[in-house]
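*Asks:* These are the residues of each chain, in order.
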Amino acid sequence: MVRVLDEDGELVDGAEVPDLDDDELVEMYRTMKLARRFDERAVSLQRQGRIGTYPPLSGQEGAQVGSAMALGDGDWMVPSYREHAAALVQGLPLKQTLRLWMGDENGSHIPEGVNLFTVAVPIASQIPHATGLAWASKLKDERDKAFLCYFGDGATSEGDFHEGLNFAGVFDTPNVFFCNNNQWAISVPRERQTASKTLAQKAEAYGFEGVQVDGMDPLAVYKVTEEAVAKAKDPDEGELRPTMIEAVQYRFGAHTTADDPSVYREEEEVEKWKAKDPIPRLETFLQRTDRLDDDAITAIEEDVEDRVADAIAAAEETPRPDPVEMFRNAYAGMPQRLEEQLEWFESVRAEHGDEALLED
Amino acid sequence: MGENLTLVQAVRDGLRDAMAEDDDVLVLGEDVGKNGGVFRATEGLYDEFGEERVVDTPLAESGIVGTAIGMAAYGLKPVPEIQFSGFMYPAFDQIVSHMARLRTRSRGRFTCPMVLRAPFGGGIRAPEHHSESKEAFYVHEPGLKVAIPSTPHDAKGMLIAAIRDSDPVIFLEPKKIYRAFREEVPDGPYEVDLGEAAVRREGGDVSVFTWGAMTRPTLEAAENMADDVDVEVVDLRTLSPLDEDAIVESFEKTGRAAIVHEAPKTAGVGAELTATLQEESLLHQEAPIKRVTGFDVPFPLAALEDYYLPEPERIESGIRETVEF
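Heads up: the protein sequence lines correspond to chains A and B, in order. So for the first sequence, the working numbering puts the first residue at 1; every next one is plus one. So for the second sequence, the working numbering puts the first residue at 1; every next one is plus one.
Since the hints were made in silico from the structure, they are not lab data. Ideal placement from N, C-alpha and C gives every residue a C-beta, glycine not left out. Watch out, some of these pointers could steer you wrong.
Which residues of chain B face chain A? A partial, calculated answer using Cβ under 8 Å [unchecked claim]:
| id | residue |
| --- | --- |
| 1 | R107 |
| 2 | A126 |
| 3 | G143 |
Excised from the complex, chain B in its bound form (with noise of 0.2 Å):
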């Protein structure tokens, strides 16, 4: 039995299962509290576990994040919300300089099992700083681990295993889709876990890797191209640890590749993605691996946000131009 739940639900349902089975799981963060979240993700839960459970914090996202880290050094699994992830920049220090290094610095002693989630991604009209996606910024860090969660199955799956995981994790919500479709959730807790890329829809001819938001429109040109194309489309999940064996497998099967991703193209995940092909599968390859990517320009605001971010039409072009060479 589950019940049909939007992506932001899922979240929802995720941190509640996750608080209601392990009473060391905490919320906290701006406007979590009685408000519930400025996307909703949290609400209800102040109702059901109390102001010490779910807290709303002054407005400090080092705060946040440094004072998370001290409760998981001491025992608490905190989950910090930053309200948008074009805000983590003020908590960067902490995040780079000890929530991914306790652990080594200490050589054990001192762990640090935390989820710092964010809404993530462009496409919904938001101001400047809004709609970044920064991915490769936290995938470049040791220590860390990185999930972006494509449909409310898996967010709430890889949610509930990003909680009970032991080390700190990157929980990056595509806030364009948390709303954009239903699927049946389970009830009670279950995992997806991080670290396994999913097929989202098998093909011959060409692999294409996506995550997040970018997903569905993936999909979407995959089925435009049907007639003349067979897409694979293998949604990553989890770009740190990156799932290596499910991308050489597809790719050496296809022999060309796409990569698709909102972030700007130079030093993307994209980037690593490709080396990794080259290193493990150079002789498979048949085509020049196309990036389909965010410009190397600042995200921009609304008004030409659509031809920023890559849409059907345009991952179809460059998915063809990789199997046309």
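Excised from the complex, chain A in its bound form (with noise of 0.2 Å):
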């Protein structure tokens, strides 16, 4: 397994701080900061009414801020629906990620420029498109691009799995697969997904490399994404572009405010993880290294919870969308029926108005 810090914030014997200047990796412990601080705040508004179903990301944050650090300007990134912290770093807004949880599609307009794919619920049924995307992408020609799909154990376990990363490894993608094992698919153990070794030895079956690495450190998830892209743009001779990546890491939460983890899993096992907690370690290698200090620490808190309350700010004032929209975005022209569906839905809108239609 790869490491570059220990769970004390040292560097590991003979590892090297990957090539990152003093602002980035300020940058980087920043961004964890705020992304745990948007979960928290998320996991409340839930608890609050205010948003709907969310998945946490506590715990998560390394593998995530590192590995989206790590993919360069033209490079595309394919997400589960666990991964806001790494949304975030690729130019999507908190606040649409709070739309998206609050009920509303316009939370997956992703912005013009911004190579980011839509979230994908159904498990793993993302790895393809992913393995589409960087096919398409080969196949006009680009050598500039790669594209990361993340996913969790839980989808090695189905068959877009498998047949998403058998295309990437026959047609040579550029592609990089990113398995955020955070140990639990709601409640069921990782060791109950395979009986595999390793989740990263599956990439050997199809003909590629795969890495295991510290999810709980991000200079280490850095360095081995940072690689990865690196190869899927440019293979060395006989070597395939594509790589997969297991991040061991643990969600500290539930998988998501439907659920309650202390009913499948014990306390002591949550504990022992967040000794490996990825924010305090990055935070003790930079203060070693005279990279941070407390004043710093205290702007960057300061910093991120006005970010974050902002950002629930302008969701919250986002007005509900018009219904007109749903009808709108299912075909690039309106079909003649849902255009008199829509109609005779506006006459009893009309008639009854809002307020009797909708339920709160």
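Taking the hints as your guide, dock the two standalone chains into a single complex.
*Replies:* What follows is the structure, given as structure tokens:
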């Protein structure tokens, strides 16, 4: 397993700090802090009924931010549904993530110029898309783009994981398959997904490299992802472009706000993993190497508090979308029957008024 | 000028013209390359356009459709083939969860302009799972278009229209009539608009709505009863979007209707047509609407296939029930 920092934030013997300057390292820390604070507030907003079901990411900031920062300007990201921090790094405003989990498709209207695919909810179903996006890029003779796809440990049991990685090997597509192995697929542990010793070793069956990395070590994650991205664009002679990365990590919270993890896992296990928390680990390293001091940490904490508050305010100030949007976006042009349904709906809406139609 | 082509030749001609006019169009699937497809629908395309545009894939339907979705979102126009429509189910999640919804989910940032082709329907003495007609699954899914040509001319024109369309199209090809007859097919690309039905036979007594391979036995039934009943046959051609105007216009002229499809009766597209006529044209209705369909059983093997599929005699009996009501 690749590691750069140990659990106390010390450099592992023989490990090198990846090629990031001081500002970038501090930015990595700031983004992880921002993601953690966002996550805490989002869970709380769900408890207050201000957003809908939400999948928390606490514990996984190192894997998400470390990998996302390793992508270049032209590279693409294909998320599952928990990669709010990675999407933020890729350019999706936090407000949009909140809008999505508030139940507004506009949260998934990725801004032009942001190379981020939409959230995919059915497990592993986004993996073939990532392969297809990368394949299309290769067919267009682009050779300067990598396509990183996130999925979880449970996804490796799905057929689409196999089909997506198998196609990637056969057609040698510029992909990085990034498995956030957080140990739990809702209530089912990693051991129940596969008898394979590691998830990374599955890559071997597809003919390309698999790497296991400490997913709670953002520097190690950055390093292996950067290497995989470079290989996707320019592999050595006889080497295939794709890589599968298994980032070993833990989700501190529930699968989503709809489940209670105390039903299926022991608190001792959670505590054991909390000792590996990626944020204090990076913080300690940055402090010991004089890249960060207490004043800077305080300033960062105030900054992330403000940014999360601003995102929440902006999301909550956004009005409910007009229902005509759901009619307009099913097809490029509205079919006649759908137009008739819209027309009838608008007449009912006019007759009764929105207050009567809406539950709350 | 044109050529006399069979339906499967017209599909191939349409693919070739679409690929020639647009470099972004590519074909992928099982055995579509060197082998030219198990029904020869892609024969010759591999030699003409090369292995990057006519791609033999691993044997994996979800992978074929899932990667095609990624390609479509990235600006290509993939035309994946599933070897038989009965093998689309491993890709069903990709079709309904993503292909149909990408535009809606992303509010138009990503779209899925692709055409999923599959040979469809019964009548060729095939093994189990090779005779399915489950068009209703796809018609029920918003975001998809569903086209089923019944003639060589339409097959080429509708396929080109589907490939040029900016939304995903399920293109079901009635394999029973792949080689049943020839028809003059124009050279070069042309479109037959999706969403437009065709009146195949004009008549004043009863309207019969059908599509795909059922069009020919329906026309034969109409001819067989021509001495005493004047049957209008409407080939719907596209089931989603439905040409409601054509359906209503024909029905309001005749006041009687039968619907012929080879799919099972319950919750088939015939049920949707019946409900539509009730909603739109109740006061024109003079008799119960008769559905002549496959039965509510899994499609049988070859020995019983002829009993399962509507043929001219059964269709005539059904039409007469509504005419003589």
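*Asks:* A separate judgement is required for each hint: does it hold in the structure or not?
*Replies:* Structure-based check of all given hints:
no.: 1; hint: R107; result: holds (4 Å)
no.: 2; hint: A126; result: violated (25 Å)
no.: 3; hint: G143; result: holds (5 Å)
The structure fails hint 2 only (numbered hints given earlier).
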